[in-house]
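Colleague: Listed here are the chains, written in short residue letters.
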Amino acid sequence: MKFLTTICLLLIAPVIWAQEADLLSLVDSGGQKEYVTGAFKSSRVINGHSVEFIGKNVLDVRILHRFGRISDGIGEFFGLDQAAMRMGFDYGLGKNLTIGVGRSTAEKELDGFIKYRPIQQATGGKGASPVSVVLAAGAALTTQKFAADAKFTDTKHRMAYYSEVIIGRKFTEAFSLQVSPTYVHRNLVASQTDDNDTYAVGIGGRLKLSKRVAFVADYHYVVSGLNKDLYKNPLSLGFDIETGGHVFQLHFSNATGMNEKAFITNTTDSWGSGEIRFGFNLSRVFTIGKKKNTPGS
Amino acid sequence: MKKTALALCMLLVLAKAGLAQKYFTKNGTVSFEAGTALEDIIATNKTAASVLDAATGQIEFAVLIKGFEFRRALMQEHFNENYMESSKYPKAVFKGKIVNLTPALFQKPGNYPVTVKGVLEIHGVKKEITTSGSLAISGTTVQALAKFPVTIADYKIAIPGIVSDKIAKTAMVSVNCNYAVLK
Numbered sequence: 001m002k003f004l005t006t007i008c009l010l011l012i013a014p015v016i017w018a019q020e021a022d023l024l025s026l027v028d029s030g031g032q033k034e035y036v037t038g039a040f041k042s043s044r045v046i047n048g049h050s051v052e053f054i055g056k057n058v059l060d061v062r063i064l065h066r067f068g069r070i071s072d073g074i075g076e077f078f079g080l081d082q083a084a085m086r087m088g089f090d091y092g093l094g095k096n097l098t099i100g101v102g103r104s105t106a107e108k109e110l111d112g113f114i115k116y117r118p119i120q121q122a123t124g125g126k127g128a129s130p131v132s133v134v135l136a137a138g139a140a141l142t143t144q145k146f147a148a149d150a151k152f153t154d155t156k157h158r159m160a161y162y163s164e165v166i167i168g169r170k171f172t173e174a175f176s177l178q179v180s181p182t183y184v185h186r187n188l189v190a191s192q193t194d195d196n197d198t199y200a201v202g203i204g205g206r207l208k209l210s211k212r213v214a215f216v217a218d219y220h221y222v223v224s225g226l227n228k229d230l231y232k233n234p235l236s237l238g239f240d241i242e243t244g245g246h247v248f249q250l251h252f253s254n255a256t257g258m259n260e261k262a263f264i265t266n267t268t269d270s271w272g273s274g275e276i277r278f279g280f281n282l283s284r285v286f287t288i289g290k291k292k293n294t295p296g297s
Numbered sequence: 001m002k003k004t005a006l007a008l009c010m011l012l013v014l015a016k017a018g019l020a021q022k023y024f025t026k027n028g029t030v031s032f033e034a035g036t037a038l039e040d041i042i043a044t045n046k047t048a049a050s051v052l053d054a055a056t057g058q059i060e061f062a063v064l065i066k067g068f069e070f071r072r073a074l075m076q077e078h079f080n081e082n083y084m085e086s087s088k089y090p091k092a093v094f095k096g097k098i099v100n101l102t103p104a105l106f107q108k109p110g111n112y113p114v115t116v117k118g119v120l121e122i123h124g125v126k127k128e129i130t131t132s133g134s135l136a137i138s139g140t141t142v143q144a145l146a147k148f149p150v151t152i153a154d155y156k157i158a159i160p161g162i163v164s165d166k167i168a169k170t171a172m173v174s175v176n177c178n179y180a181v182l183k
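Here the protein sequences line up with chains A and B, keeping their order. So the first sequence is numbered by the UniProt record's numbering: it starts at 1 and just counts up by one. So the second sequence is numbered by the UniProt record's numbering: it starts at 1 and just counts up by one.
Each hint should be verified, as a subset may be incorrect.
Some chain B residues well away from chain A (every beta-carbon gap over 10 Å; in silico) [unchecked claim]:
(1) F61
(2) L74
(3) L182
In silico SDA-like pairs for lysine to any residue, Cα to Cα no more than 25 Å straight-line [as the list claims (entries may be wrong)]:
(4) A:K33 with B:D40
(5) A:K95 with B:K183
(6) A:K95 with B:T151
(7) A:K208 with B:K26
(8) A:K208 with B:K46
(9) B:K88 with A:D154
(10) A:K228 with B:Y83
(11) B:K46 with B:K88
(12) A:K33 with B:K26
(13) A:K95 with B:A73
Think of the hints as simulated: they come from the structure by calculation, not from any bench. As the structure is a prediction and not an experimental result, all values here were calculated from the model. Beta carbons are placed, not taken as given, at the ideal position from N, Cα and C, and that holds for glycine.
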């Protein structure tokens, strides 16, 4: 009899206990893969590409300014009297694919790029990558007239190319870091002390100061290919400020170039000599494409 | 005596099998609208997990905040990074009870209005809510529909002044889940 009662109780128990159980644990398989987003506020750290993407069907209109040297003093209003600019349009073909074009006033240069993210940082689940990996490649064409005595004047002599791999990780909500080995090939270089091929390694970091303000640093170390007596490694330090659909990047830099080829191979100013410039990137995004997103459909 | 006990026992076991059915879904739809005349803000999540216990009327939902999809990528980023802080509070959870439910209901196909009462946790803040909805029961599947308002300030979600005209004070949340029998 006792035995039977025990059996009965055991059988009844689940009926009674069912009420107490955490129902969700019945379906929670756990370890869902979740992509890490927002490593950087913008698709550029400052000058260089970041591991961030603008998103599908998004048009990012970018207005970039680099002023003159602060060290030029009050006579040049600390560099603000002169400015180089680049106007650019980036478009998100997919979540992980962006193309863009731009034109810079420096060397009247037209540039275009394609940027693809094969691996996005994720947490949980199988095969979650601890880092994002991004591939970017671009071309630049200078449309400035060649000097009258120039020896090489074919269209190919106006072209330069770059390609890079960006490996980045958002370590915490506030801190992200990326490393980007970059290769730049110029069909024509200014002097015999320069190689056509330049190799550089970029390091970009972000430290969020508040939800909408972040400190950013962007440095490219030129490994080989440039005359180090003349050319310097570009270093930019600044702040990202986000207001709704805009991102303002305000910064100080020794570089004037606003595409990979230009700032890596064409930076001659030095932080050590105080030859730094104020600059800003202004980004405004527009979502193109179908308007309706009906809930519950 | 022995026989009675055994019969009672069997009855309870059968009752459990027949009535204490649990239903579940892992791809329920939860969407919300929090737009104003200045901006449409609509997001949909099609990966809501939910379990419904027919015996007790208990009903629970878990929704990953990062699973909400917006038309505008930047809006989605701001939603996660600035408003919901989804890395810190990855899920919204509702645990409640259908108050006017009788287990026998599940034996009879039909459309039934229900009232659900429970605790909704969003952005780390728990708040008791009551809402009405409906259950459409047909054989082995159950469809649950509900629509209820969520006052954003109740969940300590900070909206800066500069965008406060664009975001509604109250978001309308819609739930549409198709449940199958949980085995």
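Colleague: Honestly, which of those hints from before does the structure not fit?
Modeller: The structure conflicts with hints 1, 2, 3, 4, 5, 6, 7, 8, 9, 10, although it agrees with all the remaining ones.
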